[in-house]
Amino acid sequence: MPIPILEVKNLRVHYLTRFGTKVQAVDDVSFKLNEGEILGIAGESGCGKTTLVSGCMGLYIPPLYHSSGDVRVLGESILGMNRERHRKEVLGRKIAMIPQGALNSLNPTRRIKDLATDMLTSHDGGAGKREISERLTERFERIGLDAKRVLQAFPVELPAGTKQRVVIGISTLLNPKVVIADEPTSALDVSTQKSVIRLLFDLMDRGIIASMVFITHELPLLRHVSSSIAVMYAGELVEHGSTEQVIFDGRQPYTRALMGSMLSADPGQRGRKPVAIEGAPPDLKHAISGCRFAERCPSVQGDCAQTRQLLRLVGERHVRCNHAS
Amino acid sequence: MFRGLWRSVGFLFGCALFFGTLLLALLAPAFMTLDVGRRVGLAYMPPSREHWLGTDHLGLDMLSLLVLGLRSSLYVGLLAGSVATVVGTLIGVYGGYKGGLLDDVLTVLTNLFLVIPTLIVLILLSGSLEEGRSLTLIALLIGSTTWTWSARAVRAQSSSLRARDHVALARINGYGTLHIVLLHILPYLLSYIFMVFILQTASGILTEASISMLGLGPYDSISLGTILNEAIRNEALGDGAWWAFVPATVLVTVIAFSLYIINTAMESVFNPRLRK
Chain A
1 MPIPILEVKN LRVHYLTRFG TKVQAVDDVS FKLNEGEILG IAGESGCGKT
51 TLVSGCMGLY IPPLYHSSGD VRVLGESILG MNRERHRKEV LGRKIAMIPQ
101 GALNSLNPTR RIKDLATDML TSHDGGAGKR EISERLTERF ERIGLDAKRV
151 LQAFPVELPA GTKQRVVIGI STLLNPKVVI ADEPTSALDV STQKSVIRLL
201 FDLMDRGIIA SMVFITHELP LLRHVSSSIA VMYAGELVEH GSTEQVIFDG
251 RQPYTRALMG SMLSADPGQR GRKPVAIEGA PPDLKHAISG CRFAERCPSV
301 QGDCAQTRQL LRLVGERHVR CNHAS
Chain S
1 MFRGLWRSVG FLFGCALFFG TLLLALLAPA FMTLDVGRRV GLAYMPPSRE
51 HWLGTDHLGL DMLSLLVLGL RSSLYVGLLA GSVATVVGTL IGVYGGYKGG
101 LLDDVLTVLT NLFLVIPTLI VLILLSGSLE EGRSLTLIAL LIGSTTWTWS
151 ARAVRAQSSS LRARDHVALA RINGYGTLHI VLLHILPYLL SYIFMVFILQ
201 TASGILTEAS ISMLGLGPYD SISLGTILNE AIRNEALGDG AWWAFVPATV
251 LVTVIAFSLY IINTAMESVF NPRLRK
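Chains as they are written, first to last, in our numbering: chain A, 1 to 325; chain S, 1 to 276.
Because the hints were derived from the structure by calculation, they are not lab data.
Hints may be right or wrong, so weigh each one.
Straight-line Cα separation of at most 27 Å, DSS-like style, residue types lysine-lysine; simulated pairs [as the list claims (entries may be wrong)]:
hint, chain 1, residue 1, chain 2, residue 2
1, A, Lys129, A, Lys177
2, A, Lys177, A, Lys194
3, A, Lys32, A, Lys9
4, S, Lys98, A, Lys22
5, S, Lys98, A, Lys88
6, S, Lys98, A, Lys285
7, A, Lys88, A, Lys32
8, A, Lys9, A, Lys285
9, A, Lys22, A, Lys9
Over the 12 Å line for every Cβ pair with chain S, so calculated as not near, a few chain A residues [claimed, not checked]:
hint, residue
10, Ser54
11, Glu84
12, Glu89
13, Arg110
14, Asp114
15, Thr121
16, Lys148
17, Ser171
18, Gly207
19, Ile208
20, Glu278
21, Gly290
22, Gln301
23, Arg312
24, Asn322
25, Ala324
As the structure is a prediction and not an experimental result, all values here were calculated from the model.
Where a beta carbon is used, it is the ideal one built from N, C-alpha and C, also for glycine.
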């Protein structure tokens, strides 16, 4: 069996508030990602998707702390690694990330050329100027940018789609094994969204990136891009299966509710009222012993709020619901 | 933005006042003989054609004393301002960017220094130094006790900047801490740090004048504060010799006032909330 490119094992991550309260934002999350796979992570805002990304990258910056569990890239644990080694060998090289709000992610005081050069020199101190320049031109042209013009430009001179391409270009300069795209298209218009997604696929096809985690709350998008989908709710993975299974045959009540709230542009859907999930997610400042979705669950049963729900295999996918069948 | 600065009346007025005093300090020796080594007349001679600002209690030329004092005061102010700004900026930027325990420790340290009454410490320190109380030492003492509020102000800015998207991307891409601080955070703070420097310089000049006036200033130099101290000790006020203390007081006030005006004008241009 091949070693997975990314393996997250029972990862638990918490925030510590000013007053010492622990907020368990990611609780017992496990998944594996093999070469060529695209894992989609879906869930509503505030469910811990971005925190999970930080946890997977080993970026624990106060008030975010690692509680327990492990993250392995190609079999090697990246948590507890020497900080300098983690920075040079893991970030950007093994795992890269395309952040939310990428449009503001380029430092406006520096030229694109300098920002991209920083990426190379921060990891390969010995690279010469000429070599760097050739590498940047080659890569930027490969991702469909007018390298000469874009490299000399300041971020403010570039349109949104180009900025996003630049962010992707810089983040993948070191050919990372995994790219975590955290809502990379949420701030873009539909046509620009498509070209950005095509670029990510292109990078995978050309072998520049080996696998991808795609995080979004836009479910229709996941249906098109991912090979499997994990659904998050209140810091937990509640269902993890193939794209078809999760989208069309969700077994966890939250998954079904989430898919039910999906809007569609199909003609038959006209006039259909959007279905919202009533209520709000639980406050994670307080320990929750039972099902986190119990209060909002349409199929709730007597013991749900008290009994711990375990992730178990139901019909070839993992579901966190004791009553799922 | 800089065009806005040049259109600001306050900024131009402040610059004219400050650079006027700076030019007086720097260029006066080229046009006149600064002689404070010999008596040029009797004690407290009033201003005259030969001695524009009269003489002091020893009969020394007051204008020469004033120019030398101005040079010393500016030197102390600029050095103290630089020390306070550099120390405060380093602590503030690093603590604000790193956050967590390190930030907490640096904040406690800053607050601890902040509540220590600076002037009393300076008086005690200056008083305890029997010999070698030079201008540079006084400036370093002032700078090393007044960095606290620069640190607090810069920390607050740096702390808010560390949550910016471009800093997050730099961190995610594995750039080093020093790289991020120098190239992704400091450029945003430069105008702010420059304003802090201006205020710290003004504060340095006023503090030096205060401790020198109390007789704890430099042994080996003349500053605006020591001129005031000599005037008090030798009863210039009682003798009606206004020229022994009014010009020095006016100069200290003009320098501090001009720096405060420059700072306010810069803030109204650089701070988008105050921009008209």
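Hint by hint, here is what the structure shows:
no.	hint	result
1	A:Lys129 to A:Lys177	holds (26 Å)
2	A:Lys177 to A:Lys194	holds (23 Å)
3	A:Lys32 to A:Lys9	holds (8 Å)
4	S:Lys98 to A:Lys22	holds (20 Å)
5	S:Lys98 to A:Lys88	holds (18 Å)
6	S:Lys98 to A:Lys285	holds (25 Å)
7	A:Lys88 to A:Lys32	holds (23 Å)
8	A:Lys9 to A:Lys285	holds (23 Å)
9	A:Lys22 to A:Lys9	holds (21 Å)
10	Ser54	violated (9 Å)
11	Glu84	violated (8 Å)
12	Glu89	violated (9 Å)
13	Arg110	violated (7 Å)
14	Asp114	violated (8 Å)
15	Thr121	violated (9 Å)
16	Lys148	holds (23 Å)
17	Ser171	violated (6 Å)
18	Gly207	holds (21 Å)
19	Ile208	holds (16 Å)
20	Glu278	holds (32 Å)
21	Gly290	holds (33 Å)
22	Gln301	holds (42 Å)
23	Arg312	holds (34 Å)
24	Asn322	holds (38 Å)
25	Ala324	holds (36 Å)
Hint check: violations occur at hints 10, 11, 12, 13, 14, 15, 17; the rest are consistent with the structure.
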